[in-house]
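**Q** Sequence:
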Amino acid sequence: MAFSNAARNQKLKILFALGSPNPFPGAGWTRIGFFAKNLSNNGHKIEVLGTYSYNLFHKRGIKKICNINIFNLILNIGFMHPIFFIFNTLSSLMCTSFFLVSRKPDLTIVSIPTGDVGLGVLMSCKITRTKCIVDYRDEWEDQTIHMVNSKLGKYFYCNVKRFLSCVYAHHLVTTVTPTFVDSLKCRGLVDVRLVPNGADVTVFKQYNKKIIRRKLGLNDNDFIVVYNGLIGGYYKFDTILTAIKKLSQTKNVKLLMIGDGPDVPLVLTLSKNLGLHENVLYLGIKHDKKEIAEILSAGDVGFIPGLYTKGQLPVKLFEYSACGLPVVANVSSDSLLTKLIKEYEVGVTAPPMDEEKLAEAINYIYENKSFREAAGKRARLLIEEKFDRNKIAVEFLNLVREFA
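372 is the number of the first residue of the sequence shown in the numbering used here; add one for each residue after it.
No false leads were mixed into what you were given.
Calculated pairs, BS3-like style, for lysine-lysine (alpha carbon to alpha carbon, straight line, at most 25 angstroms):
id, residue 1, residue 2
1, Lys-430, Lys-660
2, Lys-416, Lys-384
3, Lys-434, Lys-475
4, Lys-657, Lys-586
5, Lys-748, Lys-580
6, Lys-748, Lys-660
Simulated from the structure, these hints should not be mistaken for lab results.
Source: prediction; values computed, not measured.
Please work from the sequences and hints to get the whole structure.
**A** This is the structure we're talking about:
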């Protein structure tokens, strides 16, 4: 789309609202943080409004990263009970309304999930007449409905989904996969744009594997399955640990994990109980993208534990692929991820919660060096051609200019 010189030179004050204590090691911040940095580098004034919780009270406050102001000021309790959803929504509404009145952004970009924080921000934008874009990253409503055990809870969140469909319909909505585009249009939304996730190919690339392995204390003959991301929630590690237990009887297979999540202690305890204390290596939380890319480069295959919706394409897929790694995924055969992996031949899949099939999939990559290397090259090329986050950021910037 062509823009006048005035439109191109217009400098905007843009607020990103993201329902988490920012920055954090997850897909939401990876996406929003990159867009925020790109917009800031183009001369726009960028601020990020985030949350804190009772168990992450130390995350509360104001910080600055480069030229980006980050305000973690919204109290979010985080539980799924309807009462807490209402509390979190009101907390977001009050805090955001005050913030919008005092900071006066030209545009607010709301990252969804989570719905309670997002709903509060959207209501605040309506009250203060602030222009708003909804960036819809996950079908969180369906996952919440699935996870809630009570009939009352399911009924409540079904109605929340209906209500939010009406709210979203009054805004420009961006989303990350074609499946989500179709799903949102089926919910009655009209103006839905595809802005996919991806990886920064200038940072996520193949570094010298031998040098990185020496730095990490790994042997050249170790077969390393790497994982980066949330440890817990819908990502379950029982299957991969059991599969590695089976393979470790005859092969030197190790799982190298970085990230954070509620299940870190459980995963480490289970690995010890399975006698895998030397096969499971946890390096903690890493925020520096280059360091993450270097660690991924030490691996032989990237692991995706599963998905909670069939339309997802997790960020870890793009980051593994950009580093020249084939992927192995615990995912259903009719998912978008399976379709992409098979179409572009960038890895193998196994059914969810099936340790036998997962062990077979990992063993296939282990035994077939030619496939492993060719799949890694295809994966890197796929990211360069279709999912380079730098190119995506330019498209996003044009969209912001068009809307603002």
